[in-house]
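Colleague: Sequence:
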Amino acid sequence: MKFEEFRKGMMPRSAMALALTLVLSGCASINGVSLLPQGGEPRRGQAVLVYGIQAQGEWTAPRWGVSLDEYDIEKERITGNCWRFNRTTADVASVASGVQYFAFNVPAGHYVFSGFNLPQVKAPLAFVVPQGRTVFAGTFVYTNEGQVEIRRDVEVARQLIQEQLPGVSREIEIAATKSLSVAPRAFLCGP
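Numbered per my numbering, the sequence shown spans residues 1 to 191.
Just so you know, these hints were derived from the structure itself, not from any lab. Ideal placement from N, C-alpha and C gives every residue a C-beta, glycine not left out. Treat the hints loosely; a few may be bogus.
Heads up, simulated BS3-like pairs for lysine-lysine below, C-alpha to C-alpha not over 30 Å straight-line [claimed, not checked]:
| no. | residue 1 | residue 2 |
| --- | --- | --- |
| 1 | Lys75 | Lys122 |
| 2 | Lys75 | Lys178 |
| 3 | Lys178 | Lys122 |
Here are the computed distance ranges between Cβ atoms for each label pair [claimed, not checked]:
| no. | residue 1 | residue 2 | range |
| --- | --- | --- | --- |
| 4 | Trp83 | Glu58 | 26 to 32 Å |
| 5 | Arg158 | Ala123 | 22 to 28 Å |
| 6 | Ala93 | Arg158 | 30 to 36 Å |
| 7 | Ser179 | Glu155 | 19 to 25 Å |
| 8 | Arg158 | Trp83 | 35 to 41 Å |
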C-alpha cells in the first residue's frame with residue numbers, strides 16, 4: 001500500500017475518532033448562558049448577571065478569568081456535568097488595569113465562584129439571581145497578595161457599568177448572597 005492511499009484511508013477515521021473523543025469527554029457540553037456584549041434585558045424566564053474583573057496583582061498567564069457556575073443550593077454542588085453546564089466565563093489581560101464589566105443572560109437561580117477558578121476565594125458565596133431581574137454579583141479583583149477579593153458596592157460600580165454596558169438596566173441591584181458550608185468543587189470529564 002502506498003503512503004498516499006494509507007493517508008486517505010486514515011484521515012476520515014482520525015476525524016471520526018477525534019469527534020467521538022470530544023463528545024465522550026464532555027467538551028461539547030451545552031451552556032444555557034449567553035454573553036451580552038452591550039448589556040440588555042433578561043430573556044423570558046431568565047435574568048441578567050453582571051460582574052467586573054480586575055487584575056491588580058501580577059498573574060503568571062497572559063489573561064486572568066472568572067467563571068460563575070450555576071449551583072444547586074440544596075445539594076451543595078455545581079449543577080453542571082459533562083453534557084450540560086451553565087456558567088459565565090470572562091477574562092481580562094493579566095496586567096494591572098481598570099475594571100472591565102461583563103453581562104450575561106442566565107437561567108435564574110444561584111451562581112458561585114467556580115471551583116475551576118484559581119485562586120479560590122476565602123469565603124465561598126452563592127449569588128442569588130432572580131428571574132426577570134438584573135443583578136450585580138460584584139467586582140472580582142486579583143490582588144497584589146495573590147488573592148481574589150470580591151468588591152460588592154453597586155453604587156461605586158454603577159457609572160462604569162453604564163459606560164461599558166449601555167444596554168444594562170439602570171435598575172441593576174446587588175445580588176443577594178448565601179454563605180456556603182463547602183467550597184464548590186470542579187468536576188472531571190473523561191471518556
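Colleague: Work down the list of hints and note, for each, if the structure agrees.
Modeller: Results of checking the hints against the structure:
At roughly 21 Å between alpha-carbon atoms, lysine 75 and lysine 122 fall within 30 Å of each other, so this suggested pair holds. The suggested pairing of lysine 75 with lysine 178 holds, with an alpha-carbon distance near 14 Å, which does not exceed 30 Å. With a CA separation close to 14 Å, the supplied pair lysine 178 and lysine 122 stays within the 30 Å bound. Taken as a hint, the range 26 to 32 Å is violated for the pair tryptophan 83 and glutamate 58, whose Cβ atoms sit roughly 37 Å apart.
For the pair arginine 158 and alanine 123, the supplied restraint of 22 to 28 Å holds, since their beta-carbon distance comes to about 25 Å. The hinted range of 30 to 36 Å is not satisfied by alanine 93 and arginine 158, whose Cβ atoms lie roughly 24 Å apart. The hinted range of 19 to 25 Å is satisfied by serine 179 and glutamate 155, whose Cβ atoms lie roughly 23 Å apart. Restraint check, arginine 158 to tryptophan 83: a C-beta distance of roughly 38 Å satisfies the suggested window 35 to 41 Å.
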